[in-house]
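Participant: Residues per chain, in single letters:
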Amino acid sequence: DTGVSQDPRHKITKRGQNVTFRCDPISEHNRLYWYRQTLGQGPEFLTYFQNEAQLEKSRLLSDRFSAERPKGSFSTLEIQRTEQGDSAMYLCASSLEGIGEAFFGQGTRLTVV
Amino acid sequence: TQLLEQSPQFLSIQEGENLTVYCNSSSVFSSLQWYRQEPGEGPVLLVTVVTGGEVKKLKRLTFQFGDARKDSSLHITAAQPGDTGLYLCAANDYKLSFGAGTTVTVRA
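Chains as they are written, first to last, in my numbering: chain L, 1 to 113; chain A, 1001 to 1108.
Take these hints with a grain of salt, some might be off.
[Claimed, not checked] Ranges between beta-carbon positions, derived for each pair:
no., chain 1, residue 1, chain 2, residue 2, range
1, L, 72, A, 1094, 15 to 25 Å
2, A, 1067, L, 56, 28 to 38 Å
3, L, 83, A, 1081, 21 to 31 Å
4, A, 1014, L, 54, 39 to 49 Å
[Claimed, not checked] Some residues of chain A that are not near chain L, with every Cβ distance over 12 Å (derived):
no., residue
5, 1017
6, 1019
7, 1057
8, 1058
9, 1060
10, 1064
11, 1067
12, 1070
13, 1082
14, 1083
15, 1095
For the record, the hints were derived by calculation from the structure and aren't laboratory data.
Note that CB positions come from ideal geometry on N, CA and C, so glycine has one too.
Make the full structure from the sequences, and use the hints.
Facilitator: Here it is in structure tokens:
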């Protein structure tokens, strides 16, 4: 299977702890997106990369959130000092530049207790 | 303010009925995608529409892109319980932006 994969699928953490999620995109895709989704809502844009360059970060995103895509392959999303409001599904998607079709991973469900 | 407005927010129908979901915006898009998402899973791409006035069919699903490329609709004929899910439209305005989604429930 050469689809988008995310790890872990589920993460439970205590408030104040740091968490890191990983996304492996489809190998030939140069764009990679991170989204956050709460129950019954559409995905909310967080950030996206073209190759290794982070081209945009949502203004709504706290400084506690950081993402990297070294070498333009896999990406990590780190949340520092987690808060209960960070509880959500974190989705990763990849696509080819200029083509809107994005393919999503199964997501990482974060629960902050 | 959402770039894409979806309506209705919720839709519950009986198996065999038809339904239509709408996606509207004041902006013009180069393309628009429809996704379907089941609980606990990531969205799955159903179709991409590119040309104004375009109509695409996927089995019992019919997708239409408005002539001005600002709006789109998804019509399901003879809905089945397996069509239950969150239907999302998304537009490629240099990044992929989503509507809030329409939750569709098809009762057996």
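Participant: Now look at each hint and say whether the structure bears it out.
Facilitator: Each hint, compared with the structure:
| no. | hint | verdict |
| --- | --- | --- |
| 1 | L:72 - A:1094: 15 to 25 Å | 18 Å, holds |
| 2 | A:1067 - L:56: 28 to 38 Å | 30 Å, holds |
| 3 | L:83 - A:1081: 21 to 31 Å | 38 Å, violated |
| 4 | A:1014 - L:54: 39 to 49 Å | 47 Å, holds |
| 5 | 1017 | 22 Å, holds |
| 6 | 1019 | 18 Å, holds |
| 7 | 1057 | 18 Å, holds |
| 8 | 1058 | 14 Å, holds |
| 9 | 1060 | 22 Å, holds |
| 10 | 1064 | 17 Å, holds |
| 11 | 1067 | 19 Å, holds |
| 12 | 1070 | 15 Å, holds |
| 13 | 1082 | 19 Å, holds |
| 14 | 1083 | 17 Å, holds |
| 15 | 1095 | 5 Å, violated |
In summary, the numbered hints that this structure violates are 3 and 15.
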